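Asker: Residue-level listing of the chains:
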Amino acid sequence: SQQGEEDPQALSIQEGENATMNCSYKTSINNLQWYRQNSGRGLVHLILIRSNEREKHSGRLRVTLDTSKKSSSLLITASRAADTASYFCATESARNQFYFGTGTSLTVIP
Amino acid sequence: DGGITQSPKYLFRKEGQNVTLSCEQNLNHDAMYWYRQDPGQGLRLIYYSQIVNDFQKGDIAEGYSVSREKKESFPLTVTSAQKNPTAFYLCASSRNLDWLGNQPQHFGDGTRLSIL
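As you go down the protein sequences, you meet chains A and B in turn.
Letter by letter, the first sequence follows residues 11 to 120 in the working numbering.
Letter by letter, the second sequence follows residues 469 to 584 in the working numbering.
Just chain B, same shape as in the assembly:
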């Protein structure tokens, strides 16, 4: 079955450490996204990519980095510059816009990141 796989499900980061969250999709979608979700808040966009080797910052990109070397993969690195990384991270993908507008997003089951 096609879908999006995020790993690991739980991740712990030590002070000063960079960690990388994995996101893989086999839906043949062009666009991929990373969101952060904090308790009581909605999803906030970190980065998004519409095609391979191209990505744009979202609303809260500071302290994060991404790469899009393959269509199927969009890993997110949480760097030591992100001082409050504890959150639930969600990856999503979609087809690019059709002439009527956005396509629905398909989500992975998230990675919960905590600080040790």
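Same shape as in the complex, but just chain A:
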């Protein structure tokens, strides 16, 4: 399976701290995407990083990609209680087919 694996499975931090979660995958990719899911809701796309990119920023989000290690990290800076959610990485295996990891559950304590 090309399914990504997020690490850690669960993360609890204080508001204002930074949160880092990691994703590892098994085969070569065209791009890697990060999504967020609030409890009982659908996933929301956060950021896409292509295989020829090493780092990408979007607001308080910073994503890195290391294709040699087949890994990516998502950093959320200055976390807020509203960031509490599950975060998933997704990779492409074939045309228009995605594989999602098992997710990191982030809790930000006010």
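Accuracy of the hints is not assured; some may be wrong.
Restricting the straight-line Cα-Cα distance to at most 30 Å, the calculated cross-link-like pairs of lysine-lysine (DSS-like) are [what the hints assert, rightly or not]:
1) 482(B) x 551(B)
2) 80(A) x 36(A)
3) 66(A) x 80(A)
4) 79(A) x 66(A)
5) 80(A) x 525(B)
6) 525(B) x 36(A)
If you're looking for bench data, these hints aren't it; they were derived computationally from the structure.
Because the structure is a prediction, the values reported are computed rather than measured.
With the hints as your guide, set chain B onto chain A.
Answerer: Only chain B this time, still in chain A's reference frame:
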């Protein structure tokens, strides 16, 4: 506003019954997907469709069926052959690949299916 609408939000199935989950999008996206999400697991692909009147099986298609008669609609039927249907079902859509690779997926808010 454009988006994806899944209905119903909650659905209960009796033994031996087929049930159909609705997914409608007004984003003018070509590709649509159905995923199943179980507690503690990631999303698993059931079926996907890149164009009208065409669809492919994902990793866990057994016990499910789909149709794609219109670009906007991609209903999923959970048949009686699916012995463990209790899960959270998510529908998504995206533009087809550009020359650089995948497009982001847009998700509905899911249907939670339970067995009576």
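Asker: Look at each hint and say if it fits the structure.
Answerer: We went through each hint and held it up to the structure:
1. Using a Cα cut-off of 30 Å, the hinted pair residue 482(B) and residue 551(B) holds, with the two alpha carbons roughly 11 Å apart.
2. As the CA atoms of residue 80(A) and residue 36(A) are separated by approximately 7 Å, the hinted pair is consistent with the 30 Å bound.
3. With a C-alpha separation of about 16 Å, the suggested pairing of residue 66(A) with residue 80(A) holds against the 30 Å cut-off.
4. Proposed proximity of residue 79(A) and residue 66(A) is supported: the alpha carbons are some 17 Å apart, at most 30 Å.
5. For the hint linking residue 80(A) to residue 525(B), the alpha-carbon distance of about 27 Å falls within 30 Å, and the restraint holds.
6. Distance check on the hinted pair: residue 525(B) and residue 36(A) sit about 22 Å apart at the alpha-carbon level, within 30 Å; holds.
Every hint, counting from the list given before, is met by this structure.
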